[in-house]
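2 protein chains.
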Amino acid sequence: MQRFDVHILGCGSALPTRKHLPSAQVVNLRDKLLLLDCGEGTQLAWRYTELNWQNITHIFLSHAHGDHIFGLPGFVSTMGLLGRTSPLFIHGPADLQAFVEFTKKITGVEYEIHFQALDSTLHALIFEDRSMEIWTLPLNHRVPCCGYLIQEKQGLPHICRKMIDFYEVPNWAINRIKTGEDWTTPDGEVIPHSRFTTPPDPVRSYAYCSDTMPVPELAEWCRDVSLMYHEATYAEAESTLADNYGHSTARQAATIASAAHAHQLMIGHYSSRYQDEEVLLQEAKEVFENTILAEEKLRIAL
Amino acid sequence: MQRFDVHILGCGSALPTRKHLPSAQVVNLRDKLLLLDCGEGTQLAWRYTELNWQNITHIFLSHAHGDHIFGLPGFVSTMGLLGRTSPLFIHGPADLQAFVEFTKKITGVEYEIHFQALDSTLHALIFEDRSMEIWTLPLNHRVPCCGYLIQEKQGLPHICRKMIDFYEVPNWAINRIKTGEDWTTPDGEVIPHSRFTTPPDPVRSYAYCSDTMPVPELAEWCRDVSLMYHEATYAEAESTLADNYGHSTARQAATIASAAHAHQLMIGHYSSRYQDEEVLLQEAKEVFENTILAEEKLRIAL
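The listed protein sequences derive, respectively, from chains A and B. Counted from 1, the first sequence has number 235 at position 235 by my numbering; the numbering is strictly sequential. If you want my numbering, it's the position in the second sequence, counting the first as 1, plus 302.
Fair warning: there could be bad hints in the mix.
Under the rule of at most 20 Å between Cα atoms (straight-line distance), these lysine to any residue pairs were calculated in the SDA-like manner [unchecked claim]:
#1 LYS321(B) / ARG47(A)
#2 LYS19(A) / THR319(B)
#3 LYS105(A) / LYS407(B)
#4 LYS321(B) / TRP53(A)
#5 LYS105(A) / ARG444(B)
#6 LYS19(A) / GLU598(B)
#7 LYS104(A) / TRP53(A)
#8 LYS104(A) / ALA400(B)
#9 LYS104(A) / ALA366(B)
#10 LYS406(B) / LEU15(A)
#11 LYS321(B) / LYS599(B)
#12 LYS104(A) / ASP397(B)
#13 LYS104(A) / PHE404(B)
#14 LYS455(B) / ARG478(B)
Hint data in this document are derived by calculation from the structure and do not stem from the laboratory.
So here's chain A without its partners, still in its complex pose:
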């Protein structure tokens, strides 16, 4: 299978702790690197991933709160120092335009930076290429905020080598069979393409949902998602704080993941009050067993 990894660079919330950096993640999809949020320290945490700075093509920002964006000037600047020349595409709610413009100005980098201003209230396809689609996920926070769904495109079926050999199919015909053409033998016999193939790899997807109160529509938008990251800033005992500050409890995150039939849930964006996030994990697992805790330096292969 092609590579589809999620690297956690930071999974704390606004107040700094000794344990967590603020929000940032990298998705590595077939060696294209997508950065999701860029909290302070992202460029420092990047050093531990051993990923290539030059393979970053897109940065997706969820919202204009410092713990999700204050690493951007340093990150942009360092890519310039390292000799980047290829353009960088930054996406995020429209009110981030001024911050991105200021980042361009203060860093003075010479490569192009394009900003795509998003309407964070729409569930919309905002990017696609041959291998993936990226959709916005409208979230409910104190400021315009959206998550992102990153989804592989359906690949081609796998060729069954034995059948190819048996019918002596030439190499030039193999891609045609993969894309659905039947094969006609020199004797004129038509062999259905499906006899030469086995089903393609299942489509994998990753949903990044931070920061937000519970949004029931996520269950539909992220139906059958391979891995859902959902913020879980608080435990149930602090559910009033979650309401007041536009966040979710671990139980609420798990309820969304369960409704979406997610294969796995990863929680994060922990309030600094928790010395140990075990309470969050346990509360989530009561609702959705296949839950894990995000932590710095974690890499998950989908």
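Since the structure of chain A is already known, use the hints to place chain B on it.
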């Protein structure tokens, strides 16, 4: 003696490494905290100092390069989240005004932030209170840049308890004697104040010199400084790079410290090329023996 500590929060240079954070230091002078530069990650490193955020009164920025200032938005924002109400004074070369203004805007903090635009070409007294003076140190870098000299004011002499008891001097007279009044006994005998006192503590001072090529005038401006921090980005083998980028070698830093008759030299702002800074330390020590390497979490009591 009153407290006069220097805490190193970060001592790397522009490119991030796994070992060093970019530039930031805290001076704790009698529990007033002064931040010198504010590279990305300052608020994270702060957590290891166990210093009180509320005791920060002033931030002194050396110049408008990202590795010295990109931690400012996060630092300012977190002080707001922690309930700061007292005003914050930020000082730096005049071209930092726009960055400080943008920081105020993007963080939206409610406490007052005042910016003092400095002429980085002048060696001038820019701040004083009852216990200290702060002077700018004009540096020579690629953009307007200044260091800072933080100097205690001369304290009062110490009282010699035995003499006070012998002459039965009442408490109300002690401060007068300290400030230079002689004592007249009930019999009319005049005892010189100097007989009741021992000399005050020696005046301590700290010079922060980053980033810069060698500036010979530092020897005069920092004469007899207790501790000089001087950037030493490169070893002698890379002295051409030092010239080209407006930096110093370790040997050059030591030459300045020696000419200033500094009591001790601390070098830092290491290029990311050095896995081990021992080469820098050895080259500095050949010129100025009492040299140490800056490193994160180091605290030096003057």
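Here is what the structure says about each hint:
no.: 1; hint: LYS321(B) / ARG47(A); in the structure: holds (10 Å)
no.: 2; hint: LYS19(A) / THR319(B); in the structure: holds (19 Å)
no.: 3; hint: LYS105(A) / LYS407(B); in the structure: holds (16 Å)
no.: 4; hint: LYS321(B) / TRP53(A); in the structure: holds (18 Å)
no.: 5; hint: LYS105(A) / ARG444(B); in the structure: holds (17 Å)
no.: 6; hint: LYS19(A) / GLU598(B); in the structure: holds (17 Å)
no.: 7; hint: LYS104(A) / TRP53(A); in the structure: holds (18 Å)
no.: 8; hint: LYS104(A) / ALA400(B); in the structure: holds (14 Å)
no.: 9; hint: LYS104(A) / ALA366(B); in the structure: holds (14 Å)
no.: 10; hint: LYS406(B) / LEU15(A); in the structure: holds (18 Å)
no.: 11; hint: LYS321(B) / LYS599(B); in the structure: holds (12 Å)
no.: 12; hint: LYS104(A) / ASP397(B); in the structure: holds (16 Å)
no.: 13; hint: LYS104(A) / PHE404(B); in the structure: holds (13 Å)
no.: 14; hint: LYS455(B) / ARG478(B); in the structure: holds (19 Å)
Of the numbered hints stated above, none is contradicted by the structure.
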